[in-house]
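Respectively, the protein sequence lines represent chains R and V.
In this text, residue positions in the first sequence follow the working numbering: the first is 1, and each later residue adds one.
In this text, residue positions in the second sequence follow the working numbering: the first is 1, and each later residue adds one.
There's no promise every hint is true.
[What the hints assert, rightly or not] Pairs of lysine-lysine residues, derived as DSS-like cross-links and limited to a Cα-Cα distance of at most 30 Å, are as follows: (1) V:K135 <-> V:K170; (2) V:K170 <-> R:K170; (3) R:K170 <-> V:K135; (4) V:K135 <-> R:K135.
Calculated directly from the structure, the hints in this document are not laboratory data.
Now for the letters of each chain:
There are 2 protein chains.
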Amino acid sequence: MIRVIKIGGAIVDDEAVLVSTLTALAPFAPFILIHGGGRVATDLARQLGIQQTMVNGRRVTDADTLKVVVQTYAGLINKTIVARLQALGVNTIGLTGADLDVVRAHRRAVGEVDYGFVGDVDDVRRDVLQQFLSKGQSIVLAPITHDGAGTLLNTNADTLASAVASALGKDAELVFLFEHAGVLRDVRDTTSTIPSLSRYQASRLIADGILTDGMLPKLEAAFAAAEAGVTQVRITRYDTPDAGTQILGEQTL
Amino acid sequence: MIRVIKIGGAIVDDEAVLVSTLTALAPFAPFILIHGGGRVATDLARQLGIQQTMVNGRRVTDADTLKVVVQTYAGLINKTIVARLQALGVNTIGLTGADLDVVRAHRRAVGEVDYGFVGDVDDVRRDVLQQFLSKGQSIVLAPITHDGAGTLLNTNADTLASAVASALGKDAELVFLFEHAGVLRDVRDTTSTIPSLSRYQASRLIADGILTDGMLPKLEAAFAAAEAGVTQVRITRYDTPDAGTQILGEQTL
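I would like the entire structure built from these sequences, with the hints used as guidance.
And the structure:
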């Protein structure tokens, strides 16, 4: 079973949390770790005077912003994690989607919003992932993809994690690690974790206004993976990877 | 024969030159390409107000500068080249020394100068390079290494290219591509290329003040590779890879 682990921005932003999370993951190597960007890209853009626009929780990526996210996600964050894992004895390679063409995407069509250099995933090369995993080499994947025509693209890390786990199907477990205990009935009550959630249950909680905002894209990514046959999908806090909320695919109903 | 190609900052800085250089290299894949940083890191550091200090043509790398070079070398430049090569049909992986532990280094001891987070190479993993090359996968290596204890280090790209070629020995050719026609007797005369150069000849040209400045670290890197048994070592202009100056090792005297 291959663990595909998404770590969110709050983990990336806090060095102590990052190191303790990586230390806890080390015994499960080889794994695939997909990281978000955290505040690093936003901070760098602000320092450079590049205006940032968020729509529905997604970053509009103009040419200057693309440079910023490639620098921070594929450069600083990815390689910092790789070096930390090497120090923990986890032999690791850091990748973007462009490396060995592992994740091919296309630039999102302009609709009501022009997201700029944002990539929607077309294809994940399972054979390339296996090339490393079969040798015991772990993978750290930055949320940067490419279009095959020379252009790098910014892809949401939750979506990317879902696509990678889905490409591995029943051979994979997918865990989203973030700062909350799971999907909560009440974000102010850390004990209100929903133990398991089907798409039908989620749709009712959304209709009732209980699930809102930033959780919706993550939930969509989680359900997509569960419905693609990923063995187990879980959303949980970084220090309790086996607790949290289990996401049920249609086949588990 | 594996081509190890170092491309200098002037190539990285000019998108048209970069693309034409990569296009000319494509038929020789799989190869190992090692890139410098060009002005990108210096420009980013200036924009961020991080003071840059150069000593003997080497960048003093404090903690903030390390972040800048990791972002620009391992992030923006490395992944831009990878995506461009993919578009040319060259299946490529971008690496730093931390990835799969391919280049281990140690932080340079503080002598008259404290270079900060600058790494001197200890070990190049030939088996890791071969893992890719044997599958026809080219490698783009950023001049960032690690110490195995979690710290990334800034390593001179000429030195890194020399170390990588030396690890491959007689199976490798090493070409330094830059903006000049080769090692010149007179930097103002582009027709003054020295066709071949031994260490003894170079020492006389240095004593006579004919070879100076920025050429000396590159020459040292080139001689080290030639003396380590690399089959051919050449310093030449990016658009004439088979011309320029051939560097002679002791064994070719």
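Do the hints match the structure? See the list:
1. Of the pairs offered as hints, the one joining K135 of chain V and K170 of chain V holds, with about 20 Å between alpha carbons and a cut-off of 30 Å not exceeded.
2. Taking the CA atoms of K170 of chain V and K170 of chain R, the gap is near 46 Å; set against the 30 Å cutoff, the hint is violated.
3. Between K170 of chain R and K135 of chain V, the direct Cα distance comes to roughly 27 Å. Compliance with the 30 Å bound is thereby established for this hinted pair.
4. The suggested pairing of K135 of chain V with K135 of chain R holds, with an alpha-carbon distance near 14 Å, which does not exceed 30 Å.
Hint 2 from the earlier list is the only one contradicted by this structure; the remaining hints agree with it.
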